[in-house]
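Undergrad: Take a look at the letters that make up each chain.
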Amino acid sequence: MTGKDEAELSGLFRAAIAGDERAYADFLHRIAALVRGFVRRKIVQGGVDPEDIVQETLLAIHVKRHTWREDAPVLPWVYAIARFKLIDAFRRRGRRIEVEIDEIAETFAEPEAETVSERDINRALDGLPPAQRSVVSSISVDGHSIGETASKLGISETAVRVSLHRGLAAIAKRFGRQ
Amino acid sequence: MRTEDLIKALDADARDKAMPLGKAWWLAVGMAVVIAAAVFFATIGPRPDIMPAMHTMRFMSKFVFTLVLAASAFALIRALSVPGASTGRRMAWMLAAPLLVVLAVVLELFVVPEADWGKRLIGSNMMICMSFIPLIGIGPLAVFLGMLRYGAPTRPVLAGAVAGLLAGGLAATFYAAHCFDDSPLFVATWYTVAIAFLTLLGAIGGRLFVRW
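Protein sequence lines, in the order shown, are assigned to chains V and W. Every letter in the first sequence is one number past the one before it in the UniProt record's numbering, and letter 56, counting from 1, is 56. Every letter in the second sequence is one number past the one before it in the UniProt record's numbering, and letter 126, counting from 1, is 126.
So here's chain W without its partners, still in its complex pose (with noise of 0.2 Å):
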């Protein structure tokens, strides 16, 4: 077939329209969300004390590091998905999360007696920590990988890799609403852990699945 003739076929299908790949991220989001809290509320729901938990700092960083993961991951996803979109500054970003826990962590070694530390990083929930945010989180990222396959990504072992930190944000904001465990130290290894198995998870997605 000559190029010229191929151009004929494009042509003729001008018309058929899909979704813009920038709303399409919104829903999956959505979807996403669904999935997650479905999973979540229907297994291990938040903790009993989450109102008077929620007065407590330690409680709440716990949000806004998983959030802000979740929310930089997004941004760079979006711009991964799309071909000779610039990431440099949303790659930075992704620094974000890691330096607020970081920061969490000097902090609560400032405040908590070196005696303690043990006990706070190994918590009480570490084995449910480490099996619900990938459960959590095992669903949304497939919704993410469908998403990439939809959309563009030049680097697709790279993109699936954010999925997978993209899931782990989003499954790790539900799970610390039922984990006891708020200590910046807890959080810091092993939601880590957990995080770091879903982004496994998705680069391998991304280099089997995610072909155009």
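Pulled out of the complex, with its shape left as it was, chain V reads as follows (with noise of 0.2 Å):
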């Protein structure tokens, strides 16, 4: 199962880095639903939220995804990056953790559904200039599309492509700043 895994997940990712929405938003949710697997099993005491952490780690693979090499396998680099941001929530609340370098349990992670509750990422997005902000809110939040949001706030398209994705590399380079 995990090798077929690996070959879909790597499909679906080459398929998004060629400019497939539909590929990258199924990518994201599988991805999303493994990290989120991962995280909670290496949360054993509280003090960070897994879903704060499937969430930095969902920015960091958006916005570092010019780093995989297309002929790479993809699990092993979405691994890698959640474990950094787990490693480095713990760092941010001044705890040390040890996180086994234990590749097999990373293969068995099971998918799990989202939970609830307040992240990080509002306050992140709280931080962003009014007009990204807005835009970010729009796309997300409301669920609305480019061209949705563009007559919305009455600005071109390109504009709102501009403001998401300038909002969304500040949101995740202030998630490695803290």
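Quick caveat, the hints were computed from the structure, so don't treat them as lab data. Watch out, some of these pointers could steer you wrong.
As the list claims (entries may be wrong) - Which bits of chain V does chain W cover? Going by a derived footprint, with three or more residues having C-beta under 8 Å, they are:
(1) 51 to 61
(2) 65 to 79
(3) 120 to 133
To be verified - Partner residues are not named here, just some residues of chain W that face chain V (Cβ under 10 Å, in silico):
(4) GLU4
(5) LEU10
(6) ASP11
(7) ALA12
(8) ALA14
(9) ARG15
(10) GLU114
(11) PRO153
What the hints assert, rightly or not - Pulled from the structure, derived: some chain V residues nowhere near chain W, Cβ distances all over 12 Å:
(12) ASP5
(13) ALA32
(14) ALA33
(15) ARG83
(16) LYS85
(17) PHE90
(18) GLY94
(19) SER151
(20) LYS152
(21) LEU153
(22) SER156
Don't be surprised by glycine CBs; every beta carbon is placed ideally from N, CA and C.
Combine both chains into one complex, guided by the hints.
TA: Structure follows, in structure tokens:
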């Protein structure tokens, strides 16, 4: 099953990088579920919300997707990012943890569904300049498309894309800096 | 924000494309070489007798050391800037340059009479060596640290140190064309000190600037 997962996921990611948005959404959903399973098993004591790590990992995957070599397997790349973000989150909160570098355990990570709570990402979103914030939340929280967002805010689609891109990059950077 | 919502935003940004990291690394090296060359030729430049010097083993051996160091560091830093990439074999290759230097030192100790060891070690240029290798290497180091920020190193301090080794290998290659001290005894000592300084600087840079 894992080998098949790997092949499917790297196929989806390749298509996504070539510009296929549906493949990308599919890829991100499946990766989110896998990373969630991975992170929940790693966080045994409290203090860090697993879903925060899932979101930080997804953002990092997004802004660093040019670092993936298309002929390399995608899951080791994803789990290395998730592990880095997990360690980073504990470091930011002033804790030291040992995250076992256990490749076997990772390959058996089971997909898990999200639970709702307040997110770090909300605070990061609040810190954006107003123009970027309204674009990012229109597309994410309100679920509007690029075109809908453009007409709602009275700006061009290009401006929406630029604000979205910059806003996401700024949120990702904020997690790295804290 | 729910994760579902975040995915919508990421998906809408799917079309944006960045240059693949592998290609960007080659561009960065090209840029670093240009910077190092500019500083080198604007300041000390090659030694006047470089043509006859190229026929001597000792002179040419310096380039073997520095280029092997730069090549192995380049291979390693490319892997270190990609999450989950295996680095074991490339780490092992980092031993190649030091081993070659050790071998050359042993040979030098055999062929040079003991009375001359001190003179060869001290040479005539050690202060210039220790100041110009870092001076030529600092621009390239900044470029490589910038590349690490563009990449995604999960061990930023180590990656920064390797950026220092790469900048050091590159700078020492240029410097070697200027330096009259060709003895491996000199190279093993003062080049190492100068490159170690850049390595330390790189590690600090990795710690401070390479966050993602």
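Undergrad: Confirm or reject each hint.
TA: Tested hints:
1. Under a criterion of three residues with beta carbons nearer than 8 Å to beta carbons of chain W, the stated coverage of the region 51 to 61 of chain V is upheld, 6 such residues being counted.
2. Counting residues of the region 65 to 79 of chain V whose C-beta sits closer than 8 Å to any C-beta of chain W gives 10, which meets the bar of three, so the coverage hint holds.
3. For the region 120 to 133 of chain V, the assignment as covered by chain W holds, since 3 residues bring a beta-carbon within under 8 Å of that chain's beta-carbons and 3 suffice.
4. Restraint check, GLU4/W versus chain V: the minimum CB separation of about 7 Å is within 10 Å; hint holds.
5. Hint status for LEU10/W: holds, given a least beta-carbon distance of 5 Å to chain V, under 10 Å.
6. Evaluation of the ASP11/W hint against chain V yields a held restraint, the C-beta minimum of about 5 Å falling below 10 Å.
7. This hint holds: ALA12/W has a C-beta 5 Å from the nearest C-beta of chain V, less than the 10 Å allowed.
8. Among the interface hints, the one on ALA14/W holds; its C-beta lies about 4 Å from the nearest C-beta in chain V, closer than the 10 Å criterion.
9. Here the hint on ARG15/W is kept, as its CB sits about 6 Å from the closest CB of chain V, short of 10 Å.
10. About 50 Å separates the beta-carbon of GLU114/W from the nearest beta-carbon of chain V, more than 10 Å, and the hint is not met.
11. Interface hint at PRO153/W: satisfied, since its Cβ lies 9 Å from the closest Cβ of chain V, which is below the 10 Å cut-off.
12. No Cβ of chain W approaches the Cβ of ASP5/V within 12 Å, the least distance being about 15 Å, so the stated non-interface status holds.
13. Listed as a non-interface residue, ALA32/V fails to keep its Cβ farther than 12 Å from every Cβ of chain W; the least gap is roughly 5 Å.
14. Residue placement check: ALA33/V does not keep its beta carbon more than 12 Å from all beta carbons of chain W (closest about 9 Å).
15. Here ARG83/V does not stay apart from chain W, with its beta-carbon only about 7 Å from theirs, under the 12 Å limit.
16. With a least CB separation of 10 Å from chain W, LYS85/V falls inside the 12 Å interface cut-off, contrary to its annotation.
17. PHE90/V, annotated as away from the interface, keeps every beta carbon of chain W farther than 12 Å; the closest lies near 14 Å.
18. With a minimum CB-CB distance of about 17 Å to chain W, GLY94/V clears the 12 Å threshold, and the non-interface call stands.
19. With a cut of 12 Å on Cβ distances, SER151/V stays outside the contact zone with chain W, its closest approach being about 15 Å.
20. The beta carbon of LYS152/V sits about 14 Å from the closest Cβ of chain W, which is more than 12 Å, so the claim that it is off the interface holds.
21. No Cβ of chain W comes within 12 Å of the Cβ of LEU153/V; the nearest lies about 14 Å off, and the non-interface call holds.
22. Every Cβ of chain W is farther than 12 Å from the Cβ of SER156/V; the closest lies at roughly 15 Å, confirming the non-interface assignment.
Of the numbered hints given earlier, the model fails hints 10, 13, 14, 15, 16; all others are met.
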